[in-house]
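Using the sequences and the accompanying hints, generate a full structural model.
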Amino acid sequence: MQKPKVALVSINTGAYDTYFKVLFPYFYTNFLPDCELTFVVFTDSSELEELYRYNPIVKIIKTPYEAWPGATLKRFHYFSQASSHLEQFDYIFFANANYYCKNKILASELLLPEGEKGLIFVEHFGQNHLPERLRSYERNPASLAYIPEEQATTYVAGAFYGGTAQEFLTMAKTLAQRVDQDLANGIIAIWHDESHLNCYALQIGYQAKVLPPRYLVPQEYYFASSYIGERQDWPCVLLNKNALPIAAQDVRDSKAKLDARLVERLLIKERELEQLWLDKREVYLEQAKSNPGFIVFNWQV
25 MQKPKVALVS INTGAYDTYF KVLFPYFYTN FLPDCELTFV VFTDSSELEE LYRYNPIVKI
85 IKTPYEAWPG ATLKRFHYFS QASSHLEQFD YIFFANANYY CKNKILASEL LLPEGEKGLI
145 FVEHFGQNHL PERLRSYERN PASLAYIPEE QATTYVAGAF YGGTAQEFLT MAKTLAQRVD
205 QDLANGIIAI WHDESHLNCY ALQIGYQAKV LPPRYLVPQE YYFASSYIGE RQDWPCVLLN
265 KNALPIAAQD VRDSKAKLDA RLVERLLIKE RELEQLWLDK REVYLEQAKS NPGFIVFNWQ
325 V
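Residue numbers for the sequence shown follow the working numbering, so the first one is 25 and each next one is one higher.
Keep in mind that the hints were calculated from the coordinates and are not lab data. Glycine included, every Cβ here is placed at the ideal spot set by N, Cα and C. Among the clues, some could well be false.
[Claimed, not checked] Derived CB-CB ranges, DEER-like:
no., residue 1, residue 2, range
1, Pro316, Asn209, 35 to 41 Å
2, Met25, Gln190, 19 to 25 Å
3, Ile292, Leu158, 32 to 38 Å
4, Gln175, Ala284, 42 to 48 Å
5, Glu254, Asn209, 43 to 49 Å
6, Gln311, Lys27, 41 to 47 Å
7, Gln26, Gln190, 27 to 33 Å
8, Thr178, Tyr89, 32 to 38 Å
Shown next, in the form of structure tokens:
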């Protein structure tokens with residue numbers, strides 16, 4: 025049987041090119057190794073372009089850096105503009121630049137049953153523990169990302185999602201248009217692309233595959249937070265940019281260069297956190313099972 029053709033899309037403009045250089049080997053090893061995978065990287069980095077010029081599984085799409093929140097707000101535009109390239113794939117997934125795939129994720133757990141079409145989301149770890157009225161959706165009725173407080177919802181994460189190519193690109197085109205219309209009306213949704221993504225998920229009645237939170241756990245998850253499985257077995261974590269010795273906003277704004285060694289320190293820290301969980305598992309597990317929420321673990325590397 026022919027392997028599914030999958031595009032893994034990331035946006036690595038500005039200082040975020042470093043994340044791709046460090047995390048690429050882990051994606052290559054662990055993300056859908058039983059599929060035909062191509063990495064599609066939107067970047068302004070000449071270094072990435074040169075490094076991967078002759079790599080057949082990396083497609084560099086030159087993309088100018090946009091000041092915050094441009095790259096996140098306009099990501100649906102990037103996907104749509106590259107539709108002629110992306111539509112050749114069976115599946116398209118987007119992952120945040122700091123998404124670290126630390127264990128194998130296979131087609132059988134991530135993709136839809138053969139012949140089905142649709143979208144794939146991840147349940148947000150923190151938001152769904154909150155009452156509806158406290159979930160941070162866009163609450164401005166003038167925005168096209170608006171979700172009313174009384175609406176029953178499942179908050180989905182904006183840092184990793186995907187689907188069959190046609191459904192993914194249809195969503196991207198729709199949401200790019202909505203972002204443009206909001207901007208024309210002087211509106212920026214509270215969590216940018218994630219706010220629009222959640223509104224779309226609601227409007228399609230969550231007729232999608234919704235993965236559990238362990239597919240997108242923030243690295244600052246504290247052990248006594250609501251239990252979602254063994255840390256060493258999580259497929260991935262979202263690396264904690266706020267734990268670096270340089271301001272996350274300065275990196276985001278390309279005012280500071282992100283040294284690869286700092287990202288590697290976050291990977292080392294994750295292994296240390298796994299070991300800490302294993303060493304004190306009995307204590308933390310009891311706390312986690314009785315805790316319905318998310319506790320942030322503040323630490324620095």
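Status of the hints after comparison with the structure:
1. Under the hint 35 to 41 Å, the C-beta atoms of Pro316 and Asn209, about 38 Å apart, fit the expected range.
2. Our hint of 19 to 25 Å for Met25 and Gln190 holds, since their Cβ atoms are close to 21 Å apart.
3. Under the hint 32 to 38 Å, the C-beta atoms of Ile292 and Leu158, about 35 Å apart, fit the expected range.
4. Take Gln175 and Ala284: their Cβ atoms lie about 43 Å apart, and the range 42 to 48 Å holds.
5. Separation of Glu254 from Asn209 is about 47 Å and conforms to the stated range, judged on CB atoms against 43 to 49 Å.
6. Taking 41 to 47 Å as the suggested C-beta distance range, the pair Gln311 and Lys27 conforms, at roughly 43 Å.
7. Hint check: Gln26 to Gln190, Cβ distance near 18 Å, so the stated range 27 to 33 Å is violated.
8. One distance hint, 32 to 38 Å for the beta-carbon pair Thr178 and Tyr89, holds here, with the actual separation near 34 Å.
The structure is inconsistent with hint 7 alone, although it conforms to all the rest.
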